[in-house]
Amino acid sequence: MRYIGRRLLHGLLLLVGVSLLSFLFADLAPGDYFSELRTNPRVSAETIAALRAQSGLDRPLPVRYAAWVASVLRGDFGYSLAYNSPVGPLLWGRVRATLLLTGTATLLAWLIALPLGIWNATARGTWGDGVSKVVLSFLLAIPDLLLAIVFLMLAVETGYFPAGGMVSAGWASLSGPERLRDVVWHLALPVAVLVLGMLPTLVRHVRASMAEAIDSPFALSARAQGIPRQRLLFRHLLPAAANPLISLFGFSLGTLLSASLLIEVVMGWPGLGPLFLEAIMARDFALALAVVMLSASFLVAGNLLADILLYRMDPRIRMK
Amino acid sequence: MTRRTKIAAALAFLGILHGLAIFAGFLAPYPYAEQHREFPYAPPTRIHFRHLRPFVYGWAEGREDTTRSYPIQFLVHGRLFGVREPGVVFLLGSDAYGRDLFSRLLYGGRVSLLTGLLAAFLSLGLGLALGTVAGFHGGWLDQILMRGGELVMALPWLYLLLAVRAFLPLHITTVQAFFLLIIIIGGVGWVRPARLIRGVVLSARERGFVLAARGFGASDAYLIRRHILPLTLGVVLTQATVLIPQYILAEVALSFLGLGVSEPVPSWGNMLAEAQQYHALVAHPWMLAPGLAIIPVLLGYLLLADTLLESRSQ
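Chains as they are written, first to last, in the working numbering: chain A, 1 to 320; chain B, 1001 to 1314.
Calculated directly from the structure, the hints in this document are not laboratory data. This structure is a prediction, so every number in the text was calculated from the model and none was measured. Do not rely on the hints blindly, as some may be mistaken.
If you want the footprint, here are the derived chain B segments under chain A, 3+ residues with CB under 8 Å [unchecked claim]: (1) 1142 to 1155; (2) 1243 to 1253; (3) 1263 to 1276; (4) 1282 to 1289.
For every residue, glycine included, the Cβ atom is placed at its ideal position computed from N, Cα and C.
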């Protein structure tokens, strides 16, 4: 428990540090939301100054930071100047969309990668392993961006899949099961791109750690004692190979909010990615910061979760 | 294949690819911004042969005009090949402004590949300096550097890049944008190499020959230069093969999103952005060429990285 508490505190401090750094950086960077207005000859300098004062941008840094922290505690995450509303409500719908996309993709990728990696590790040197290695290396070399564009092109060409977006027009008038079908139909392509992007790295890691376990002396001795293959593989070797995979799984969970940015932008998925891009282009600091903090929290939480899992699973770590 | 030949093959392959980009000024038949407004979205020009002499037909109204033919001339106007006006040779077709995609691909490769190389150079330089200092000095300096690194690592990488880029001035010249990209991509990526190098330095510091040299009165600078830096070479090389392709992709992503090098200077990223109109893309799929060009580059680096990692683990 003390270990977990310490890690939790560490994570929180990290997030506070990130937010402080972001404020400092945004303060040093030239320009803010209103600097675009300055190019407009019909807006006078006084008006801009007044607007700036009204939104509190002219206050000193510590005051603004304190106000922001208070706003986070209220669940508002600051006030978006571009949307003219508190940031919180803007975020939640987007977070749901992103989580739906990346959650499905991550789950699928792991469900494919685990058996494939284990099988590859047991079948090293056979043509099956060779083929899968070549295919995965090739996949690793294809940029997600290209994959997304090509899939969209094929979707338009064949008409089997929608060209982007999360729901069809007129979604609100559909009945429950039809809505579900519609979302799944829209989900298929972006999920496929994400899975293909994640798969090579996952399979490589699973294969490598399983191979290490299979080659270890204890595996040889267990085999010599006549432990059946299935039992050996899943009861003895998989737990022995699990540690790096747990860390990787934690990282997978941590990147749930951030892994799909490019794909969301290309495929028109209404998630956090496009929102973030809009926010930074418009210099909407509060909105951009909220997205950054949220995804950073996920990353920190993912690592924390992995550490806790490792702590629970591996007595060697507990002894330290 | 032995490991040596594998590494040599990968290096040669990458060398050729980079060479193509470096000599774009000679290999490309057209300057990157030269427009042929009368040939928008022309498909790849077909090369015909008559008595082993290559030539192309004129292009009019969406098909070849066999009444006009233009022989391909080699080594004219300081370029490898070209055809006399008003003939055109577009090996990979042309874009919306009738610019030669093949030429733009080569010039764009210059920007994208060079960004990857220079940014990785910067990252590794920073990582080497900070990692060595942190590992060798230890104490409070180590604490500050590593805690600072954790802050950077707590942020999703692409988000960090985008945010840093977006908060710096957006309307700048292409050359400024290019160097800004290198500085941002390279500057943000120092943490991982620094941590790895710190680890190597930490263990190197306690090695027998280092202790012995110290006992003979060697200065810190001498120890680092003579005994410790050579030990980090392996990590630096493998990190380079991992970072360069990652940074090439980062440049592509940023330019694709309009935060990198901008028109009319081509980069693989902003060229791909032009291919983004899917509805039209089916009619001219050659616009995907910059995306496809990345694949062999990544494959080359991947092969190199894998071979280096293998030889290090043994």
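Verification of the hints:
no.	hint	result
1	1142 to 1155	holds (count 5)
2	1243 to 1253	holds (count 3)
3	1263 to 1276	holds (count 3)
4	1282 to 1289	holds (count 3)
Hint compliance for this structure: every hint is met.
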